[in-house]
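Sequence lines, in order, name chains W and Y. The first sequence begins at 1 in the working numbering and counts up by one. The second sequence begins at 1 in the working numbering and counts up by one.
Keep in mind that a hint or two might mislead.
Pairs involving identical chains hold if they fit within one copy or between any two copies, as the list cannot separate such chains.
To be verified - In silico DSS-like cross-links for lysine-lysine, where the CA-CA straight-line distance does not exceed 25 Å:
{"no.": "1", "residue 1": "Lys205", "residue 2": "Lys75"}
{"no.": "2", "residue 1": "Lys205", "residue 2": "Lys276"}
{"no.": "3", "residue 1": "Lys205", "residue 2": "Lys275"}
{"no.": "4", "residue 1": "Lys205", "residue 2": "Lys132"}
{"no.": "5", "residue 1": "Lys106", "residue 2": "Lys205"}
{"no.": "6", "residue 1": "Lys75", "residue 2": "Lys106"}
Keep in mind that the hints were calculated from the coordinates and are not lab data.
Protein chains: 2
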Amino acid sequence: MGNYLVTGSASGMGAQVVARLREAGHRVIGVDRVDADVVADLSIPAGRQLAIDEVLSRCDERLDGAVLAAGLGPKRGAERTIVEVNVLGVTELLSGLRPALAAANKAKVVVIGSNSTTSTPFVPGRAVRLLKRGDTAGAARIITRRGPLAPPVAYAASKLAVSHWCRERAVTAQWAGAGIRLNLLAPGPVLTPLLRAQLASPTGKQVRSFPVPAREYGTVEQIADWTMMLLSPSADFMVGSVVTVDGGTEALVRPNGWPARLPLRSLPHLLWAMKKAPSRGQVADYSALPD
Amino acid sequence: MGNYLVTGSASGMGAQVVARLREAGHRVIGVDRVDADVVADLSIPAGRQLAIDEVLSRCDERLDGAVLAAGLGPKRGAERTIVEVNVLGVTELLSGLRPALAAANKAKVVVIGSNSTTSTPFVPGRAVRLLKRGDTAGAARIITRRGPLAPPVAYAASKLAVSHWCRERAVTAQWAGAGIRLNLLAPGPVLTPLLRAQLASPTGKQVRSFPVPAREYGTVEQIADWTMMLLSPSADFMVGSVVTVDGGTEALVRPNGWPARLPLRSLPHLLWAMKKAPSRGQVADYSALPD
């Protein structure tokens, strides 16, 4: 069976995915701050490097899949830590582990994003751009200027940055071209320790009144279902997708936000992508078309 | 077992989904122009009404699920027919069948959209708005002004209109509030009779050189996997989502297009949605929270 990495393995969505993978007979390397195969603090560079080194050693440099579920929720005063874990805890780990993923046959990566990316107001675009470049200190400085809104803004900015980073990488020769399928899940309110903490916090009333057209919260079992699907051969034709499982909040807040027609300003990028696609190996092979 | 409607049941994705549902023991009512339980022409009002009446009668006014897979690809001179089938063949059928879906317990609807929504240039926004209102004649007039680009523009406009129509409806009391989960799939190039016709057409060369970072085309089996997942209880917390299964074209062409931070101009809509959510029954019920 396969080798799988799961970050945030000790609780919530991560723990549920670990259980599913082990049930299916796979070897799972769990990474978390406590109760994990690899105990590492993803909020600091040394912790991330430790996680990479330990995972590479334990998987014999061959990973069939990875689920990046470790994440911090909005918390006052923790803006820098939030972006460290939620962005660099994904981007640095994926960069370090990419060769091991490429060594497997059609490896799958699932990154847990969030529907807060599309529904949180006042997210500074500059902070997102800095986060994509790994400048967490600069981004945190901009984010803290949002005052009492800084914690949810830090969370949304971190998930936006990591979503864009993943989509940009997913389509390249180093990822899709190496057989790796890198996709994202964007959950809404799912009953995890993170959501429980939010409900019990001073802003719990706002969390309870946040629009969720499904009229119910999500469960870790449902998220695990979608994660397992994205780890399966059914996802062989899926690259850089964001699967939103959020009870309808995104569709309510931004019904026409996506899909959105291609703006004229994107035309040069489209033409360039079309021109370069064959030499970059980004075209489908129709040569063996069955009759 | 359940009652399911599948349009476009005679070929391609629709036929594959019919086979899966029947294997699972469900009763399937297939609708198509030929070789179907209900033979109906979805390009004309009488055909759509016939389909609605026949399906309601055959399902005893109770539908556990519906898959709207009937669709016409880009074809010169067929702009009006394309939008009739791809838009009204979904919106009129879903409107007519909604009571039967509400009569089931947690019915699921899967509408086949397209990743052409986000990658086709020169789609007139006004045509999309007219299509959402059902004005196919007005939209076709605007679209045909695009000359040789009119066929792909008609296709993309039809899939944009139907995607937005579904997302707007999905979150309402009549749909999500009635237990119905309405979601979309957005495939890229999938080996169906539609794609084969495109490859064999005068624009086949452009289709072959279109960027697909996965380096392969999709299969009807993969699309059926995702359709079955969206028809399953795993989709209970999914409302108005668009699941893109396209080999990475969307992520390549619009990596930062989505998720996108909430623009300031959307703030009034967000605040209004948050204010109205409780009275509209669009909030999650946390009252029975397990410890």
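Each hint tested on the structure:
no.: 1; hint: Lys205 - Lys75; result: within (15 Å within a copy, 53 Å between copies)
no.: 2; hint: Lys205 - Lys276; result: between (51 Å within a copy, 15 Å between copies)
no.: 3; hint: Lys205 - Lys275; result: between (52 Å within a copy, 13 Å between copies)
no.: 4; hint: Lys205 - Lys132; result: neither (32 Å within a copy, 36 Å between copies)
no.: 5; hint: Lys106 - Lys205; result: neither (44 Å within a copy, 28 Å between copies)
no.: 6; hint: Lys75 - Lys106; result: neither (37 Å within a copy, 36 Å between copies)
Hints 4, 5, 6 from the list above are not met by this structure, while the remaining hints are.
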